[in-house]
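Chemist: Protein chains in written order, with our numbering: chain U, 174 to 451; chain F, 20 to 285; chain W, 6 to 333.
Read the hints as simulated data drawn from the structure, not as lab findings.
Keep in mind the model is a prediction, meaning the values are calculated, not measured.
Worth double-checking, as some hints may not be accurate.
What the hints assert, rightly or not - Not everything, but these chain F residues come out facing chain W in the computed CB check (under 10 Å):
1. 83
2. 121
3. 168
4. 170
5. 194
6. 201
7. 202
8. 204
9. 205
10. 208
11. 212
12. 214
13. 229
14. 233
15. 234
16. 270
Claimed, not checked - Partner residues aside, some chain F positions facing chain W, computed with beta carbon under 7 Å:
17. 63
18. 160
19. 209
20. 267
21. 269
22. 271
As the list claims (entries may be wrong) - Here are a few chain F residues that sit away from chain W, every Cβ distance over 12 Å (derived from the structure):
23. 28
24. 29
25. 93
26. 96
27. 100
28. 101
29. 117
30. 122
31. 124
32. 126
33. 140
34. 199
35. 216
36. 218
37. 232
38. 249
Using N, Cα and C, we set each Cβ at its ideal position, and we do this for glycine too.
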Amino acid sequence: MRPRRGVVQGLLRNGAGVASALFIAFLVLVALFGPVIYSGDPLAISDSPMLHPGGSHLLGTDDLGRDVLAELVYGVRVSLFVGCVAAFAATVMGTLVGAIAGYAGGWVDTTIMRIAEFFQVMPTFILAVVIVALLGPGLLRVVAVIALLSWPQTARIARGEVLRVSQLDFVNGVRCLGVPEWRILFREIMPNAIGPVLALGTLIVGYAILLEASLSFLGLSSPDVVSWGRILSVGQRFLFSAWWLSVFPGLAIFATVLAFNLLGDALGDLLNPRRART
Amino acid sequence: MTAPLLDIRGVTKTFRRHGAAPLRAVDDASLHIDAGECVALVGESGSGKSTLARIALQLVTPDSGEVLLEGTSLATLDASALRAARLAMQPVFQDPAAAFNPRRSVRAILRQALARLPGADASDPRLETLLERVELRPGVDYLDRYPHELSGGQRQRLALARAIATRPKVIIADEPLSGADVSIRAQLLNLMGDLQRESGVAYLLVTHDMLVARAFSHRVSVMYQGRIVEEGPTDVVLAAPRNAYTRKLIAAVQSLEPVGDVAITT
Amino acid sequence: MSDSADPILEMQALCVTYDTHGRVVHALQDASVTVSAGEAVGIAGESGSGKSTLARAALGLLPERVGRITAGRVSIAGVDVTRYTPRQWERLRGRPLAIVFQDPLSFLNPVMRVEAQIGESVRRHDPRADAHARCVELLELVKLDASVARRYPHELSGGMRQRVMLAIALGCRPRLLIADEPTTALDATTQTEILALLRSLRESLDMSLLVISHDLGLLRWNCDRVYVMYAGHTVEHGRTEDVLQRSAHPYTRGLVEASRMRRRADGRFATIGGDVPDLRQRYHFCPFVARCAHAFATCREAMPPALPADGADHTARCWLLQSQTVPA
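Throw the hints in and build the complete structure from the sequences for me.
Modeler: Pasting the structure below:
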């Protein structure tokens with residue numbers, strides 16, 4: 174089964190969507206090739222501390238004399254990694270769980286949804302802090318925590334879509350051909366239900382990046398990676414004297430999360446099954 | 020006396036609802052179809068006719084009663100026999116918009132049906148022949164299209180193509196003409212008639228329109244609030260209805276005759 | 006308003022296009038309809054005929070930015086409303102014209118009680134009216150019990166909802182009621198009741214009626230005159246009896262025969278071959294030519310004007326009428 178042909182054309186029509194997609198592509202390039210341009214350890218001291226932006230240090234240096242631009246470039250990798258992996262894990266988990274809940278109905282549905290609600294009502298940030306504080310820092314742990322807290326949103330959407338699609342007559346038509354139920358769920362229903370789920374997935378990337386930045390701001394993320402949040406936490410103490418330590422990482426986080434959100438919006442509009450057909 | 024092709028005996032189905040009294044959709048309803056016949060199941064919304072059709076198609080399990088295909092109760096069949104039985108009874112649904120997976124091409128839709136038939140040829144030429152049989156010509160033009168690219172009438176033809184792909188013995192059509200324009204309806208009826216002549220397939224035609232029943236069925240069963248209130252050969256029932264509700268249905272149609280004769284005779 | 010000699014609704018050579026993302030559909034290509042005081046007029050057509058677009062154009066309800074009147078004119082009680090802005094429409098709507106649609110469930114607000122919705126309509130056109138009293142009056146007019154006022158739409162049956170929609174439309178005392186497929190969503194038995202209601206309302210309120218439907222039987226019993234539409238054109242017009250029994254246009258004849266659903270001598274049902282017309286195309290010749298058994302050269306070259314047919318005020322746009330050939 175091929176994806177609907179109008180998706181790419183539709184994306185191109187959405188200006189914000191295009192801009193976001195381009196920006197994200199740029200970030201990916203930076204993540205992949207940045208270290209080539211800035212070879213060497215970004216954590217190494219390269220110059221005197223607290224230099225203003227300009228000259229050989231475009232964005233200045235931090236309190237230990239490390240180049241801020243280098244740190245930002247390396248930070249892209251962390252943010253994208255955490256964001257994408259966490260969002261991917263949350264989407265996969267949420268979709269599977271939500272689809273089964275929607276398709277099976279009955280007590281299976283109720284139980285799963287109660288569990289999802291349990292995860293949703295918990296104060297996300299506090300839970301993240303507690304888990305990481307207990308288990309110790311580490312990038313994968315952070316990813317796991319974020320995924321664990323995000324899957325209920327996806328599950329809810331997936332469940333709703335599966336419920337909607339399973340009412341349609343074509344499902345019955347296939348059932349009358351004797352196709353087994355599990356196959357109907359995965360080959361007939363799911364492909365028609367994932368549109369909104371994918372859109373939500375991109376939104377979760379933004380959310381995950383923010384959460385990771387917050388955790389590393391508190392020093393709870395892995396200490397041996399360069400993260401935008403870590404720079405921010407340093408900048409906090411020198412908010413007025415060394416404004417560049419707060420402004421640049423802050424802008425980077427803002428721009429990245431915004432880009433993913435806009436992309437998610439554009440995708441959501443496009444993949445909305447209620448949209449008029451071309 | 021040979022057993023009927025499809026024999027629905029005394030089925031009852033009650034749906035439980037949240038915060039409302041249980042709904043007895045079908046109440047001890049019986050219906051039978053002989054090979055090559057067309058039986059119309061006529062009723063208004065809420066009569067239970069769609070539920071009865073779904074019970075026949077094994078999409079809904081009745082609380083009591085049984086459904087027999089060629090004398091054998093479907094409830095007693097094992098998994099593989101049941102699969103074969105399903106292929107012998109194919110549906111055509113009302114809403115062509117929701118009748119197909121929007122992400123499957125016409126080719127994929129027909130292939131999926133043919134694949135269930137052991138040893139069937141699902142090649143493109145075979146699919147084209149199938150499409151041309153339902154007058155979607157030339158077949159090759161339609162293979163790569165998607166359901167939303169077809170008109171309502173074309174989609175219903177595709178639905179018929181998929182239905183006959185597995186060489187069923189009976190086609191259960193739930194309001195197949197309701198979404199179609201007047202001129203298309205006549206075309207579809209002609210097509211259904213042709214298919215019956217060629218393959219001897221029987222029809223269970225579920226409809227709210229007595230005019231359609233008059234045009235296309237040998238026998239008619241009238242359903243009201245879950246019960247079959249009258250049944251018999253179509254011309255007999257229409258000429259001399261015994262049940263008050265049947266008379267009401269006939270009167271309603273009479274008042275909508277487009278031209279000429281007011282009396283409803285075949 | 007101008008004097009009562011003007012027809013309540015007059016559409017002349019109306020053309021409407023829908024333009025979505027560069028895709029243009031010519032929904033109306035040359036439609037002319039007139040409804041005068043006290044008349045019941047029908048518009049017959051299938052999907053793609055443009056009949057619903059006609060209804061919307063009459064009330065300025067074409068979707069903004071997407072639907073436009075590109076030629077022709079619409080006048081209501083003598084006033085040319087073709088170029089009316091949405092604000093002008095707001096002031097005009099309701100008093101001379103009101104409309105009821107096919108699906109009352111999507112039209113009625115599910116979270117408002119019936120009396121609130123009727124009251125809204127009444128107060129819109131007469132802010133000083135006693136909404137409650139008028140609501141009771143209207144419910145009685147549509148033969149609904151006063152207790153319905155306190156209910157919500159989802160608590161009512163399809164027929165009752167359609168009556169509520171009628172009550173809302175009548176709330177503004179229209180001179181013309183446009184009913185777009187008023188009974189399509191209803192059961193056969195309910196249909197007859199609603200149609201009987203429409204007839205009685207017409208008489209008691211001295212109101213004109215414009216019924217749009219694909220169901221010829223419905224039009225036969227409820228309309229004095231009927232227009233037949235095809236591919237955005239009004240192709241035949243006359244007294245209902247003439248148009249249905251002595252159809253002049255091959256399309257009308259085909260439509261009538263197909264509606265009867267009776268087998269011919271060869272056991273098949275009469276049908277019109279081919280499929281619905283493609284409205285992306287603008288037809289400067291007869292749009293029915295591809296499906297017409299009697300088409301000849303002129304038909305493919307030019308659009309026939311309205312030519313006289315058998316019966317008073319009976320015209321059809323078909324070249325066959327000019328050559329005096331009576332088709333077999």
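Chemist: Are the hints correct? Go through all of them and say.
Modeler: Results of checking the hints against the structure:
Taken as an interface hint, residue 83/F does not check out: its beta carbon lies about 28 Å from the nearest beta carbon of chain W, beyond 10 Å. The closest approach between the C-beta of residue 121/F and any C-beta of chain W is roughly 20 Å, which is over the 10 Å cut-off, so the hint fails. Annotation: residue 168/F was flagged as interfacial toward chain W, and the flag is violated, the nearest CB pair being 13 Å apart, outside 10 Å. The restraint placing residue 170/F at the interface with chain W holds, with a minimum CB-CB distance near 6 Å, inside the 10 Å limit.
Against a cut-off of 10 Å between C-beta atoms, the interface hint on residue 194/F is violated, since the closest Cβ of chain W lies about 12 Å away. A cut of 10 Å between beta carbons decides the hint on residue 201/F: the least distance to chain W is about 5 Å, and the hint holds. Interface restraint check: residue 202/F against chain W, minimum CB-CB distance 4 Å, threshold 10 Å, status holds. Hint status for residue 204/F: holds, given a least beta-carbon distance of 7 Å to chain W, under 10 Å.
With a least beta-carbon distance of about 4 Å to chain W, the hint placing residue 205/F at the interface is held under the 10 Å criterion. With its C-beta approaching chain W no nearer than about 5 Å, residue 208/F sits inside the 10 Å limit, and its interface hint holds. Interface restraint check for residue 212/F: the shortest CB-CB distance to chain W comes to about 7 Å, inside 10 Å, so the restraint holds. For residue 214/F, the interface hint is violated, since its Cβ never comes within 10 Å of a Cβ in chain W; the closest pair sits about 13 Å apart.
With a least beta-carbon distance of about 7 Å to chain W, the hint placing residue 229/F at the interface is held under the 10 Å criterion. A distance limit of 10 Å between C-beta atoms decides the matter here; for residue 233/F the minimum to chain W is near 7 Å, and the interface restraint holds. This hint holds: residue 234/F has a C-beta 4 Å from the nearest C-beta of chain W, less than the 10 Å allowed. Proximity of residue 270/F to chain W holds as hinted, the smallest CB-CB distance being about 7 Å (cut-off 10 Å).
Taking 7 Å as the C-beta cut-off, the interface hint given for residue 63/F holds, the closest approach to chain W being about 4 Å. Interface hint at residue 160/F: violated, since its Cβ lies 13 Å from the closest Cβ of chain W, which is beyond the 7 Å cut-off. About 5 Å separates the beta-carbon of residue 209/F from the nearest beta-carbon of chain W, less than 7 Å, and the hint is met. Taken as an interface hint, residue 267/F checks out: its beta carbon lies about 6 Å from the nearest beta carbon of chain W, inside 7 Å.
The interface hint given for residue 269/F is violated, since its Cβ lies 9 Å from the closest Cβ of chain W, which is over the 7 Å cut-off. For the restraint placing residue 271/F at the interface with chain W, the shortest Cβ-Cβ distance is roughly 4 Å, inside the 7 Å limit, so the hint holds. Even its closest Cβ contact with chain W, about 28 Å, leaves residue 28/F beyond 12 Å, as expected for a residue assigned away from the interface. Non-interface call for residue 29/F relative to chain W: holds, since the shortest CB-CB distance, roughly 26 Å, exceeds 12 Å.
For residue 93/F, the condition that its CB be more than 12 Å from all CB atoms of chain W holds, with the nearest at approximately 31 Å. At the 12 Å boundary, the C-beta of residue 96/F stays outside the reach of chain W, the nearest C-beta of that chain being 37 Å off. Even its closest Cβ contact with chain W, about 37 Å, leaves residue 100/F beyond 12 Å, as expected for a residue assigned away from the interface. The beta carbon of residue 101/F is kept farther than 12 Å from every beta carbon of chain W, the shortest such distance being approximately 35 Å.
Every Cβ of chain W is farther than 12 Å from the Cβ of residue 117/F; the closest lies at roughly 17 Å, confirming the non-interface assignment. Non-interface call for residue 122/F relative to chain W: holds, since the shortest CB-CB distance, roughly 22 Å, exceeds 12 Å. Consistency note on residue 124/F: stated as away from chain W, and its beta-carbon is indeed over 12 Å from all of that chain's, at 20 Å minimum. For residue 126/F, the non-interface assignment is confirmed: its Cβ lies about 21 Å from the closest Cβ of chain W, beyond the 12 Å cut-off.
No beta-carbon of chain W is positioned within 12 Å of the beta-carbon of residue 140/F; the least distance is around 29 Å. A beta-carbon of chain W is positioned within 12 Å of the beta-carbon of residue 199/F; the least distance is around 9 Å. Against the 12 Å criterion, residue 216/F falls within the reach of chain W, whose nearest CB is about 9 Å from its own CB. Listed as outside the interface, residue 218/F is consistent with that label: its C-beta sits roughly 17 Å from the nearest C-beta of chain W, beyond the 12 Å cut-off.
Residue placement check: residue 232/F does not keep its beta carbon more than 12 Å from all beta carbons of chain W (closest about 10 Å). The beta carbon of residue 249/F sits about 15 Å from the closest Cβ of chain W, which is more than 12 Å, so the claim that it is off the interface holds.
The structure does not agree with the numbered hints 1, 2, 3, 5, 12, 18, 21, 34, 35 and 37 stated previously, though it agrees with the rest.
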